[in-house]
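K.L.:
If you read the protein sequences in the order shown, they are chains B and D.
Each residue of the first sequence is one higher than the one before, starting from 547 at the first, in this note's numbering.
Each residue of the second sequence is one higher than the one before, starting from 547 at the first, in this note's numbering.
FYI, nobody ran anything at the bench for these hints, they're computed from the structure.
Incorrect hints may appear among the rest.
The list cannot tell twin chains apart, which means a pair is met if one copy fits it or any two copies do.
Restricting the straight-line Cα-Cα distance to at most 25 Å, the calculated cross-link-like pairs of lysine-lysine (BS3-like) are [to be verified]:
id: 1; residue 1: K800; residue 2: K735
id: 2; residue 1: K756; residue 2: K735
id: 3; residue 1: K667; residue 2: K800
id: 4; residue 1: K668; residue 2: K735
id: 5; residue 1: K756; residue 2: K668
id: 6; residue 1: K800; residue 2: K756
id: 7; residue 1: K756; residue 2: K667
id: 8; residue 1: K800; residue 2: K668
id: 9; residue 1: K667; residue 2: K735
This structure is a prediction, so every number in the text was calculated from the model and none was measured.
There are 2 protein chains.
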Amino acid sequence: MRYSRINLHGRAVFAEIADGLAHVLDGDPLSGPAHRTGSRVPTASVDFLPPVVPGVFYAVGYNYRSHVEHYGARAPERPEVGYRANNALTGHRSPIVRPAGVTGRFEAEGEVVAVIGRTLKKASRNEAQESIFGWTIGNDVSAREWQHADRTFWRSKNSDTFKPMGPWIETGVDPLAQTTTVRVDGTVKARFATGDMIFDPFDFIVETSKYITLRPGDVLWMGADSNVQLEPGRTVEIEISGIGTLSNPVLEEK
Amino acid sequence: MRYSRINLHGRAVFAEIADGLAHVLDGDPLSGPAHRTGSRVPTASVDFLPPVVPGVFYAVGYNYRSHVEHYGARAPERPEVGYRANNALTGHRSPIVRPAGVTGRFEAEGEVVAVIGRTLKKASRNEAQESIFGWTIGNDVSAREWQHADRTFWRSKNSDTFKPMGPWIETGVDPLAQTTTVRVDGTVKARFATGDMIFDPFDFIVETSKYITLRPGDVLWMGADSNVQLEPGRTVEIEISGIGTLSNPVLEEK
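Given these sequences and hints, build the entire structure.
P.N.:
As structure tokens, then:
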């Protein structure tokens with residue numbers, strides 16, 4: 547099943563995506579049963595929102611070996627989460643806006659995202675696996691000069707529109723058996739095995755939940771293998787096989 | 547006016563605190579008019595929840611000169627926000643639980659908290675001042691050995707119960723003219739001028755909103771002057787004059 551959140555006449559509603567249609571639901575499938583209302587919209591004309599607004603927005607830093615090597619960084623020895631901020635979320639097809647004043651590398655990272663479906667604390671690996679509601683796609687956009695100049699990731703990674711997520715949550719896929727492909731204006735710029743991680747999502751959930759209660763709707767962005775330069779006027783696509791394609795045009799702030 | 551969120555028979559509701567009573571409201575005063583329902587509870591028996599669950603939980607690091615000097619750190623040259631996580635929030639009177647395995651300094655920091663009441667981007671200083679819904683109190687609990695050992699603040703500052711907030715939001719106070727007092731079992735352990743900040747809340751809002759949309763319910767924890775050691779079996783109180791007193795017992799994880 548594929549679940550989206552969409553803007554329907556100014557109201558955020560959940561929808562099931564099937565056969566090229568968004569079937570509007572009468573509730574939030576993350577919090578209980580949700581049924582088709584009968585209202586439906588062709589996906590081509592849907593205004594996609596981020597498929598979930600998390601209570602906590604977890605994100606993994608270095609988690610692919612070649613990414614660690616690219617930066618000459620030390621590989622992490624433990625699965626330690628970081629955080630991103632909800633203001634930065636934006637939906638499939640919405641623009642990534644490069645703020646005025648950004649110079650240097652302005653980069654996309656294509657990431658698989660775990661969406662938590664259960665409340666859990668001190669989870670076993672099996673409980674971690676069963677806690678997943680589904681999987682979506684994230685683009686962890688970064689302004690590198692700010693990342694290096696600032697004390698925190700506040701504007702380098704959390705400026706408005708820097709965290710596209712979507713287009714939907716796929717509930718029936720093994721993300722570790724997939725391929726991530728990043729394209730700019732249709733040209734492949736990066737391709738890697740989605741599952742080629744140093745620590746997998748369940749490692750992170752087990753470790754995090756030793757101290758932290760995870761709740762339905764929390765998201766965990768799993769890091770990327772490669773960085774891809776973005777320029778205003780171009781469109782970036784993150785495809786993860788078995789899930790879908792997250793596409794966003796890049797604009798320059800006016 | 548003083549607004550709380552309370553647990554009423556298993557349901558989270560908003561309440562106005564006056565004359566020793568929590569007057570239950572029919573809505574969320576942060577999102578629109580809310581009126582007394584007639585139901586009321588003596589504050590002495592109220593189960594206080596964090597007064598707001600933020601969309602984004604902003605927190606300031608070093609922001610008092612003596613705190614910077616204590617750590618031999620470099621004073622910040624710009625007002626740069628960091629983040630904390632909602633799972634760690636807990637209410638007035640609820641326990642701070644020290645996880646098994648924590649050794650070394652386990653410390654409280656008493657902080658004034660700005661609660662945002664309006665959506666704002668690229669705010670002027672005047673707009674920043676007008677965007678405030680009110681002020682509450684936060685205790686930024688930290689496990690220092692984890693803080694030094696880990697790549698991020700995930701468990702050192704964001705373990706469950708490490709972020710008591712409350713007891714209410716006070717809408718009619720100038721926080722910069724107040725005094726913060728930290729007590730353990732009634733003994734004063736720290737006292738400082740709340741307003742003696744390197745950058746004040748409006749400096750942070752102006753700078754952050756250059757790139758980031760702030761929204762009603764977002765919170766900004768303003769940092770502390772002093773650290774106070776916590777031990778299981780004791781009770782920590784943060785009093786900020788004009789706002790109130792946030793009190794939490796400290797327990798050891800079983």
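K.L.:
Taking the hints in turn, state whether each one holds.
P.N.:
Hints versus structure:
Taking the shortest Cα distances, K800 and K735 never come within 25 Å of each other, neither inside one copy (27 Å) nor across copies (51 Å). Taking the shortest Cα distances, K756 and K735 never come within 25 Å of each other, neither inside one copy (38 Å) nor across copies (31 Å). Taking the shortest Cα distances, K667 and K800 sit within 25 Å of each other only across copies (14 Å), while inside one copy they are farther apart (45 Å). Taking identical chains as interchangeable, the C-alpha atoms of K668 and K735 are never at most 25 Å apart, the minima being 39 Å within one chain and 34 Å between chains.
In this homomeric assembly, K756 and K668 come within 25 Å of each other (Cα to Cα) only inside a single copy, at 4 Å, whereas the closest approach across copies is 39 Å. Taking CA atoms no more than 25 Å apart as the test, K800 paired with K756 passes between copies only; the shortest distance there is 13 Å, against 45 Å inside one copy. Proximity of K756 to K667 under the C-alpha cut-off of 25 Å is restricted to the intra-copy arrangement: shortest distance 6 Å within a copy versus 37 Å between copies. Taking the shortest Cα distances, K800 and K668 sit within 25 Å of each other only across copies (13 Å), while inside one copy they are farther apart (47 Å).
Taking the shortest alpha-carbon separations for K667 and K735, neither the intra-copy value of 39 Å nor the inter-copy value of 33 Å comes in at or below 25 Å.
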